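S.K.: Those protein sequence lines, which keep their order, are chains A and B.
Mapping of the first sequence onto this note's numbering: position 687 corresponds to residue 687, and the numbering continues sequentially without gaps.
Heads up: take any position in the second sequence, counting from 1, add 1000, and you land on this note's numbering.
None of these hints come from the bench; they were simulated from the model.
As the structure is a prediction and not an experimental result, all values here were calculated from the model.
Check the hints yourself; a few may be wrong.
Below, in silico cross-link-like pairs of lysine-lysine (DSBU-like), each with a Cα-Cα straight-line distance of 35 Å or less [said to hold, decoys possible]:
1) A:LYS101 with A:LYS174
2) A:LYS433 with A:LYS752
3) A:LYS686 with B:LYS1128
4) A:LYS327 with A:LYS438
5) A:LYS468 with A:LYS12
6) A:LYS289 with B:LYS1128
7) A:LYS697 with B:LYS1069
8) A:LYS752 with A:LYS174
9) B:LYS1069 with A:LYS111
10) A:LYS438 with A:LYS22
11) A:LYS438 with A:LYS195
12) A:LYS697 with A:LYS686
13) A:LYS697 with A:LYS415
14) A:LYS209 with A:LYS697
15) B:LYS1128 with A:LYS697
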Amino acid sequence: MALDPLRIEDEKPPRPAASGKKWVRVTKAVNGIDTEVWEEVADDSGGPQWGARESMRLISREIPRVDGPDKVTGRAVFSHDVRLPGMAYARVLRSRVPAAKVKLDLEPARKIPGVLAVVELGDGEVRWLGRPIAAVAATTPEIAEDGVRAILATYEEQGFAVTAEQAAADNAPKVNSRGNVRALSKNTDTSEIDKALEGSPVRVKGTWKIPVQHHASLESHGVVVDYRGGDEATVYASTQGTFTIPGDAAGRLGLKPNQVTAVVEHMGGGFGSKFGMGIEGEAACLLAKELARPVHLMLDRSSEFHAAGNRSGGEHQIEIGVGRDGKILAFKARVTRHGGVGQGSGHPLPYIYARDNATFVEDRCIHTNMDSSRAMRGPGHPQASFSMEGAMDECAYAVGMDLLEFRRINLPEGKRELYMRQLERCAELIGWKAHPHKQAPDRSDAEVKLGIGFAIARWGGGGNGQCKVEVRIAQDGSVEVLSGTQDLGTGTRTYCASIVAEELGLELAAVRARIGRSTFGNANASGGSTTSPSLAPSVKHASHNARVALFEKVAPLLGAKASELEVRPGEIRVAATPSKRIAWKDACAALGPNGLSAQGEWQAHLAGNDIGGAQAAKVSVDTLTGEVRVLEMVAVQDCGLVLNLLAAKSQLQGGMVQSLSYGLFEERVVDPDLGLFLNANFEDYKIAGAQDIPAMKAVFEDDPRGVIGMSEAAIIPGHSAIANAIHNACGVRLREMPLTADKILMGLAALKKG
Amino acid sequence: MSDATSPRDAASREPSLSRRSFFKGAGVVAAGGLVGEAVQAAARSASLEPVCMEGTVEIELEINGARAKVAVEPRTTLLNTLRNHCTPPLTGAKLVCDRGSCGACTVHLDGAPVYSCMTLAVDAVGRKVTTIEGLASQGGLTELQSAFCAHDGSMCGFCTPGFVMSISACLESNPAASLDEIQRSCSGNLCRCGTYPQVFEAALAAGRKLRAKGGK
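Kindly produce the complete structure, drawing on both the sequences and the hints.
M.R.: Spelled out as structure tokens, the structure:
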């Protein structure tokens, strides 16, 4: 009976592995959505190993980032910061209406002194609010803005729907030819689940509402296109995928992909929104082609909100039936996604719990004349977590059962031990044992009430074989590791260097990591937390191969076989006769002028997959003002081999902060009548600031597996734990984010009325 | 383009250009061309009469202890002047919101933190501008910058220069700043990666080091 269209993985491989092969789960984008699939790969278990963790010097330790000094001094050059001779600055004109036929008169812009080029974007048909329709290049950004204002746009306005309510109404203007309300999957026979629900002694039913969130990366989307005529170009891009740029850019510039080099030295946040070049990148290429001079086009903040993606919102109707013993007997869900002109991310319900007795009634999306949603950190999971954990909590209170015990009963067999261990650790860290009211809200007369809530997350985080890494050792002893990969702020550059330095017995500073350039080896785009589990094993493989090749050269000098050698800090020696040794510099001198170059590719056995995490939040609720303060957040996470404990802690805590921000503050506000995005700026679209940050604790479990990406798991459960903590504090159950004071006061008033 | 114009006249004539033209507290009309002295005089003047400046003005700024001549439109922000008109470009201060709500563009004017996206370059004439590039002596790091590195106060790093500038000013005046005071000092800065806990750790650690050094 369980139709579960959003099941994200099959539990078992499709068939036994062929000889010399093995099955691994990898995360791949299927129809734009990160999905776990089984892949048969060569059984490389005999290859390099990470080795004993206690003997590591530079892996799984607290390693300050190698680019830290550049970042704190302003020396780090982001794409926004690229300045080239003769560079023009460009800005885009956005459609001010959600649906229209547009005619443009570009001449007034062209007449402004300093305006260098003006191009039209799109085909004159606008289907979503804020779509860039023209771009202006000028000698300064100020003049480019003048140019944008001077363009005469004539809109033949059409009916629009910017909210789901508008779009779903009878006779609503058509957003697209496929229909505004589109069923992605439907289960018409619900008789069995309905019967199970009817037979359940305790039932919880509700609708959870989830706002549209914005990525709000501080560095906006954009590129600097360095094209000066001729047959090559360099594109500096703020992107999560170095290799997503050259093909697109070449098409617009009339070049071949191998004539375009993409550069991503540093990038200022993407969170899932920065794959490919986008309309803004195309515009920059068109302008650069026309001018044959470099063009700098970065979206301004308002354009960034309007036209650079978002996390889909939605609505979840959930009904759960529970037995007196706390066992969930039936789960029924209907999901509506709000993804603008796009279809939004899949919301995997039921989330983690209650997988056996579940029926998915319908999964549908409602299209509006708004920018398409894009992937955003943990696509679909934070949404699913909010309703699922909220509903779970409601059930636990309804049957009068301890919050953790209720979760234990309804966790799937194979995950129970993991999540209970993590939940209990969270409980311990946040002081659950001493908390005075565990199974009911604080019913005292206190004005400010304290509450604690819990939630869990799962993610794949496996790697894939899309990385090619090179390690070079020069005659002078210097070492470089090269990969085209991009560092989103996760510390990629740092672990590239530290893995090589560890393998070769060198100090971290002795290895230079060169990344973010499409002329280096291929690397996967950073989505689905797949970067470190794909790249780190490839770096390990390349450095292992470099060491083996170096041993081959050095062995004759030591009168030994290559297999008898080992590295020690700064030297190579014969393992059995340590007095037979050669200093690093002397060993490298034997390489001759060509030095040594070794390649590496993905080693499935050095990566892992499938992680879980739990978080808990302690909040105070002021019952007079409705103000919520998050006082404390704790997280316990597994993620295989932690490459850098310092950067990983930042990632995990950063995820918790984003989750807090999602829960308490973030919501796109649209005026349905005027068709306007009302808070496309950082005053009215609030994200968490310094004074919103609670005390935090992030714990990584000792996990013997290989490298697994963890970033997405970090952002999934925090807001759900906060919502649950609010209920535990004051009895108000918020089924709609953001969890703001007005909603809490309304809830308190409703409780008083009874 | 060189007429002295009251703001109301200017606004009614060219409403779309309202942002470009005004700055407060000046008493001189700039007519395009070399007006550095006029701007300086204007900056010193206490006159409340608003004045219209247009065209390009050449001004001299004191940035990180060195004099820099730049030719900018009067409407050009200090941020865009640093990033787009200085040689070499000073791109440490970041353009993120362009309206004073995120702090990524924070620099010091006469030692006090300001949003350089909300400051006109012409208003910085006669004042000492310090940017992230000039915070430490050549090639070095301040205690706060070192602490940011050691405690992982940057993830993507785009907000980092702004945070460093805001908190530097706080520690400069009070190396014994509490967590609460540090949070307040950077409450005008936004970080999307959520680096705040490490930033606070770094700031507190830097404060301890500064106090141990006895002095700043």
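S.K.: Run every hint past the structure and note whether it holds.
M.R.: Here is what the structure says about each hint:
For the given pair, LYS101 of chain A sits about 14 Å from LYS174 of chain A by alpha-carbon distance, which is consistent with the 35 Å threshold. A threshold of 35 Å between alpha carbons decides the hint, and for LYS433 of chain A with LYS752 of chain A the separation of about 29 Å falls inside it, so the pair holds. A hinted pair counts as satisfied when its Cα atoms are at most 35 Å apart, and LYS686 of chain A with LYS1128 of chain B qualifies at roughly 33 Å. Taking the CA atoms of LYS327 of chain A and LYS438 of chain A, the gap is about 19 Å. The hint holds against a cut of 35 Å.
The suggested pairing of LYS468 of chain A with LYS12 of chain A holds, with an alpha-carbon distance near 29 Å, which does not exceed 35 Å. Annotation: proposed proximity of LYS289 of chain A to LYS1128 of chain B is violated, straight-line Cα distance about 41 Å (limit 35 Å). Between LYS697 of chain A and LYS1069 of chain B, the direct Cα distance comes to roughly 50 Å. Violation of the 35 Å bound is thereby established for this hinted pair. Distance restraint check for LYS752 of chain A and LYS174 of chain A: the Cα-Cα separation of roughly 44 Å exceeds the 35 Å cut-off, and the hinted pair is therefore not satisfied.
Restraint check: the Cα-Cα separation between LYS1069 of chain B and LYS111 of chain A comes to about 29 Å, which is no more than 35 Å; the hinted pair holds. Only pairs whose Cα atoms come within 35 Å are accepted, and LYS438 of chain A paired with LYS22 of chain A is rejected, the gap being roughly 47 Å. Proposed proximity of LYS438 of chain A and LYS195 of chain A is supported: the alpha carbons are some 32 Å apart, at most 35 Å. About 24 Å separates the Cα atoms of LYS697 of chain A and LYS686 of chain A, which keeps this hinted pair within 35 Å; it holds.
Simply put, LYS697 of chain A and LYS415 of chain A have alpha-carbon atoms about 23 Å apart, close enough for the 35 Å limit, and the pair holds. Among the hinted pairs, LYS209 of chain A with LYS697 of chain A is consistent with the structure: their alpha-carbon atoms are about 29 Å apart, no more than 35 Å. Restraint check for LYS1128 of chain B and LYS697 of chain A: the C-alpha separation of about 41 Å exceeds 35 Å, so the hint is violated.
Of the numbered hints stated above, those contradicted by the structure are hints 6, 7, 8, 10 and 15, listed in ascending order.
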